[in-house]
Amino acid sequence: AQTVTQSQPEMSVQEAETVTLSCTYDTSESDYYLFWYKQPPSRQMILVIRQEAYKQQNATENRFSVNFQKAAKSFSLKISDSQLGDAAMYFCAYRQGAQKLVFGQGTRLTINP
Amino acid sequence: DTGVSQNPRHKITKRGQNVTFRCDPISEHNRLYWYRQTLGQGPEFLTYFQNEAQLEKSRLLSDRFSAERPKGSFSTLEIQRTEQGDSAMYLCASTDRGWPSGKDEQYFGPGTRLTVT
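Residue numbers (the numbering used here), protein chains in the order written: chain A, 5 to 117; chain B, 78 to 194.
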């Protein structure tokens, strides 16, 4: 079974600085998708960024980028120029095909003004 | 596009009672997923539907849990004889495209928070 591990329960960063959230996963499949989701306090889960495993190029979305290391099964999220609105729980997730999402335990990100 | 909606948003019930939650997916989304999220944890998959067919059920979904999507639109999740361990946030998500396009994104609802006393 696929598993996703986030080893940082909490992270904090100064506003306008850069922070990297870590994620590792385990799978025997070669074709899959990886995601970072953001869950603000008492608000619903929203997709931050996605990465297709067959793509070598790391995905970027404005201030958000990933470092996808397929051989190492590592998928970290970098947030540049951190903003107060980035404070949330961040979940790394794996999906094969159109199947269910498998989530990590989450990292709580605090932005210090 | 009004997003995924879930009702009720909060439910407090006594142990042993039955509860039912509803999820309305984004219009015309053919896949619908249920997840359970306990405090401080990531969501865990419960079950999913393609149209009205329930295609997969997690082992987390005990006999006390049942889900339906009768006309391939909204879905209900019922928990019978609730236990304190059922206290959690129940999340619903929907998506509009299936394999092999792979370009589907699961849109999540706000969740139903269940407290069993």
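Any given hint might turn out to be false.
[Stated by the list, open to error] Simulated coverage check for chain A against chain B, where a stretch passes if three residues somewhere in it have a Cβ under 8 angstroms from a Cβ of chain B: (1) 79-89; (2) 103-114.
[Unchecked claim] To give an idea of the chain A side of the interface with chain B (calculated C-beta under 10 angstroms), a few residues: (3) C96; (4) A97; (5) R99.
[Stated by the list, open to error] FRET-style restraints, in silico, Cβ to Cβ: (6) B:P85 with A:Q61: 39 to 45 angstroms; (7) A:L51 with B:S135: 38 to 44 angstroms; (8) A:Y58 with B:R99: 35 to 41 angstroms.
Because the hints were derived from the structure by calculation, they are not lab data.
Heads up, the beta-carbon is just placed ideally off N, CA and C, and yes, glycines get one too.
Results for each hint:
Note: the stretch 79-89 of chain A has 0 residues with beta-carbon separation from chain B under 8 angstroms; the three-residue rule is not met and the coverage is violated. Using a Cβ-Cβ cut-off of 8 angstroms, 8 residues of the stretch 103-114 of chain A lie near chain B, which meets the minimum of three, so the contact claim holds. Interface restraint check: A:C96 against chain B, minimum CB-CB distance 8 angstroms, threshold 10 angstroms, status holds. For A:A97, the interface hint holds, the least distance from its beta-carbon to any beta-carbon of chain B being 8 angstroms, beneath 10 angstroms.
Hint status for A:R99: holds, given a least beta-carbon distance of 8 angstroms to chain B, under 10 angstroms. For the hinted restraint 39 to 45 angstroms between B:P85 and A:Q61, the CB-CB distance of approximately 44 angstroms keeps it satisfied. Roughly 22 angstroms separates the CB atoms of A:L51 and B:S135, a value that falls outside the hinted 38 to 44 angstroms. Between A:Y58 and B:R99 the CB atoms are about 38 angstroms apart, so this pair conforms to the stated range of 35 to 41 angstroms.
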